[in-house]
Amino acid sequence: MTTTTTATTTTVLDASDVTMRFGGLTAVRSVDLTVNSGEIVGLIGPNGAGKTTFFNCLTGLYVPTSGTVKYKGTVLPPKPHLVTQAGIARTFQNIRLFANMTVLENVLVGRHTRTKEGLWSALLRGPGFHRAEAASHARAMELLEFVGLEKKAEHLARNLPYGEQRKLEIARALASEPGLLLLDEPTAGMNPQETRATEELVFGIRDKGIAVLVIEHDMRFIFNLCDRVAVLVQGEKLVEGDSATVQGDERVVAAYLGEPFENAPGDEEVAEVEAAEAHAETTTDAAPGKENDR
Amino acid sequence: MTTKTPTDNTADITKSPTTAAPLIPLPPAVARITTVAGSAVALVGTFLAWTWTPEFPGDLTVTGYPGGLQVLTLIGATLTLLFGLSGYGIRGLGWLTPGGTNSPVVLLALGTLGTTGYAMGAISDELGGLVNLEPGAWISGIGSLVAVIAAFGLPVDRPYDENDSAPGLWGRLRHSLTAPDPGRAKDLPAWAEILIIAAGFGIGLYVFAYGIGTEYSELFVGFLIIAGFGFTAVARAGLLKRLSALTTKHRNVTVAAAFAAAICFPFTQTNDQFALIGANILIFATVALGLNVVVGLAGLLDLGYVAFLGVGAYAAALVSGSPQSTIGVHFPFWAAVLTGAAASLIFGVVIGAPTLRLRGDYLAIVTLGFGEIFRITMNNLNGNSGPDVTNGSNGIPNIPDLEIFGFNLGLPHDVLGHQLTRSANYYLLMLLFTAVVVTVFRRSADSRIGRAWVAIREDETAATAMGINGFRLKLLAFALGATLAGFAGTVQSHVSYSVTPEQYQFAGSVPPNSAFLLAAVILGGMGTISGPLIGASLLYLIPAKLQFMADYQLLLFGIALMLLMRFRPEGLVADRRKQLEFHEAGQLDVPEATALSEGATGVAKAGA
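One line per chain: the protein sequences are U and A, in this order. For any residue, its number in the working numbering is found by taking its place in the first sequence, counting from 1, and adding 164. For any residue, its number in the working numbering is found by taking its place in the second sequence, counting from 1, and adding 52.
In short, the hints are calculated from the structure, not lab data. Keep in mind that a hint or two might mislead.
What the hints assert, rightly or not - Below, a list of computed lysine-lysine pairs in the BS3-like style, where the Cα atoms sit at most 30 Å apart:
1. K236/U <-> K280/U
2. K293/A <-> K315/U
3. K372/U <-> K234/U
4. K301/A <-> K316/U
Note that this is a predicted model, so its numbers are computed, not measured.
Please work from the sequences and hints to get the whole structure.
Structural data, given as structure tokens:
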């Protein structure tokens with residue numbers, strides 16, 4: 165459905181020929197992916213296909229072995245905080261909130277890159293400081309209202325029920341005013357009602373003009389939601405297209421149902437990919453990115 | 053059977069005689085009258101002689117005029133009596149127990165018995181036998197014992213847990229010392245609330261000044277017993293909760309009252325030695341508060357923090373004009389302070405820049421190493437094994453007293469008819485520094501930077517993903533902490549006349565050292581302002597007053613820390629977050645379904 169509109173929209177994310185090698189193992193192999201403004205793109209694939217590795221290449225946790233990732237035309241710096249500053253925000257597969265801060269404080273932390281007040285300003289408390297704090301508070305409360313958590317602003321994040329923690333993580337990511345939001349399995353562990361609510365939330369985010377890239381296992385969720393879906397199998401992009409194309413592609417069905425086809429990922433290879441990723445994580449201490457190892 | 057106090061609104065629902073049997077089965081009326089009578093007898097006993105000879109410190113031989121330990125028993129018995137009587141609903145005493153609870157009476161009776169028993173034991177031990185006790189001591193002792201036994205017969209404040217409706221003896225004993233929180237207080241006019249805050253700080257100052265002013269260790273032990281039990285009793289009565297509700301309502305008044313009370317302290321002391329203890333406590337507490345930025349806010353475990361105090365002190369000593377200083381310049385005080393703080397800042401950045409790339413345990417070990425490197429370097433810059441900068445282990449002695457605006461801090465001055473001694477002058481100067489550090493802590497914690505620090509402490513990866521430059525902010529916290537310590541160090545060098553490398557160890561018998569600083573932060577409560585101040589006061593005062601246990605100091609200290617971590621892991625003063633973190637049950641904002649949904653998550657994750 166987006167094929168007709170791509171001509172008029174701008175490209176937000178442009179990953180071209182991204183390859184990530186861990187030692188001798190190639191976890192992601194020359195993947196091209198573009199996300200245009202106002203678009204929701206899904207990324208699916210069986211376990212161990214390299215989805216999260218690819219995600220981490222986008223967010224600066226990993227530096228791709230080759231290939232470039234451009235955000236609105238500029239190549240992204242290889243540091244997570246600079247990526248966020250550039251305008252890409254993310255959520256985590258395992259929720260990673262600041263558990264012992266309040267809901268409001270969590271969102272305020274998300275405002276970090278969009279505010280400037282340093283230590284001196286905090287110590288001297290000039291009028292500029294109070295203005296900036298008030299503006300941050302107002303913006304944070306706005307976002308909490310958007311996700312429906314405004315009544316729980318003073319609760320500790322750890323005390324929220326699971327579904328609301330997911331919402332809070334999205335609100336926190338939105339607080340950094342991103343142009344592109346990366347959601348890593350936003351409905352993991354949710355019941356159908358909560359999944360439905362998340363769907364509405366993602367549409368709401370899209371309507372704010374923020375492009376969204378989603379990794380998900382829930383097929384119904386993905387096919388309802390996404391304008392375009394890319395399938396990653398064994399580190400390579402297999403198919404990309406709208407819901408119908410992907411659902412109809414027999415290679416995708418084969419990859420998910422495990423029917424033999426040429427170069428099918430065997431169990432050993434999947435295990436190999438995971439082991440190599442885990443290895444890479446322990447060696448590069450500063451980049452503990454593969455969350456599902458925790 | 054319950055109390056009917058004017059503000060009582062929660063006690064009635066907690067009473068159910070079938071489930072809440074007291075430790076000692078007595079009819080409530082009998083128990084209460086016996087408690088009151090027992091404490092009255094103990095009270096009378098304090099006016100009689102406790103021993104025959106003035107050899108025991110404090111002279112307990114005078115009839116009709118209580119002295120020394122007798123005064124402590126007198127205070128304990130009076131409080132027991134008052135709290136016991138307030139249980140009768142006597143008008144004018146109801147405010148003592150807003151929750152209508154009985155456990156304060158139990159605790160106070162125990163405190164009285166503890167002090168009296170300790171006094172009797174100390175007398176017989178030091179004078180050689182029970183024969184040295186006069187009847188007065190027996191009267192007080194037996195009276196307080198009767199009061200304790202009867203107090204355990206008072207109805208308990210909370211019904212037993214449903215799944216453990218008949219606990220054993222120990223369980224019932226522990227249970228009788230707990231109480232539910234009182235309900236919300238009625239709103240008083242603002243001036244009355246401020247008056248209450250002022251009164252609270254006044255009492256706090258008096259108790260603290262009394263503790264510092266205790267002249268012999270027997271009196272200090274008695275003071276610790278009665279103060280410990282009394283403090284717990286006040287907390288159980290719900291007065292502390294009420295007071296803290298008021299202090300959060302009037303924050304600025306509270307801060308002002310606290311500093312007013314602190315300024316009053318030297319005016320309560322005539323002895324220079326006690327004022328010196330006060331000044332040293334302030335130095336220790338200020339440095340602990342600086343460490344709290346690093347440990348409590350940013351979550352960086354720094355085991356070599358005392359080195360920054362040392363850098364500030366050495367820098368100030370070198371430019372102090374001391375004849376032994378190798379530089380031989382004499383900066384005015386403000387310049388010396390800036391020099392010390394700047395030196396610490398540079399040292400902090402130089403150490404922090406390479407080490408802060410490490411996480412957790414590695415950082416702790418490396419900072420421990422740097423702390424020792426500082427001490428050894430100061431030892432070796434003696435002209436033999438290195439250039440002569442610090443005179444090696446001799447340090448820099450003869451640091452002259454400060455002179456600020458022609459006001460020589462080394463000389464006593466008469467202010468408002470009270471003579472302020474040298475130590476009192478330095479105490480007041482240090483108080484100014486403490487105020488600055490408190491302000492810096494408060495303001496930085498409640499800002500974008502402070503939130504980023506807490507975020508890094510909570511989850512560094514997520515914080516980085518929120519656009520926080522982890523390394524830079526950790527370095528900022530480290531450098532700020534170092535600067536604050538160096539700032540305090542400049543005064544320390546003048547207070548102690550000399551700086552030597554041995555003052556800045558990892559662990560030693562005299563605070564401040566790195567281990568004690570960290571302990572003050574953890575004991576008091578991480579991330580709070582009052583926590584490190586209280587922790588530092590206790591950690592300084594107890595060893596300073598109890599010289600006889602100097603040999604076992606570290607052992608006792610370790611035991612105390614272990615007990616604290618077992619029973620109150622959030623520290624003496626819990627910050628709101630920590631309170632919620634460690635005591636999840638009974639919170640207002642805990643959703644009922646937390647456990648369920650978390651379980652569901654696990655299942656779903658496993659399947660996903």
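Right, here's what the structure says about each hint:
1. K236/U <-> K280/U: Given that 30 Å is the threshold and the Cα spacing comes to 23 Å, the pair holds.
2. K293/A <-> K315/U: Given pair K293/A, K315/U holds - Cα atoms ~26 Å apart, limit 30 Å.
3. K372/U <-> K234/U: holds, 22 Å
4. K301/A <-> K316/U: holds, 21 Å
When the structure is compared with the earlier hints, no violation turns up for any of them.
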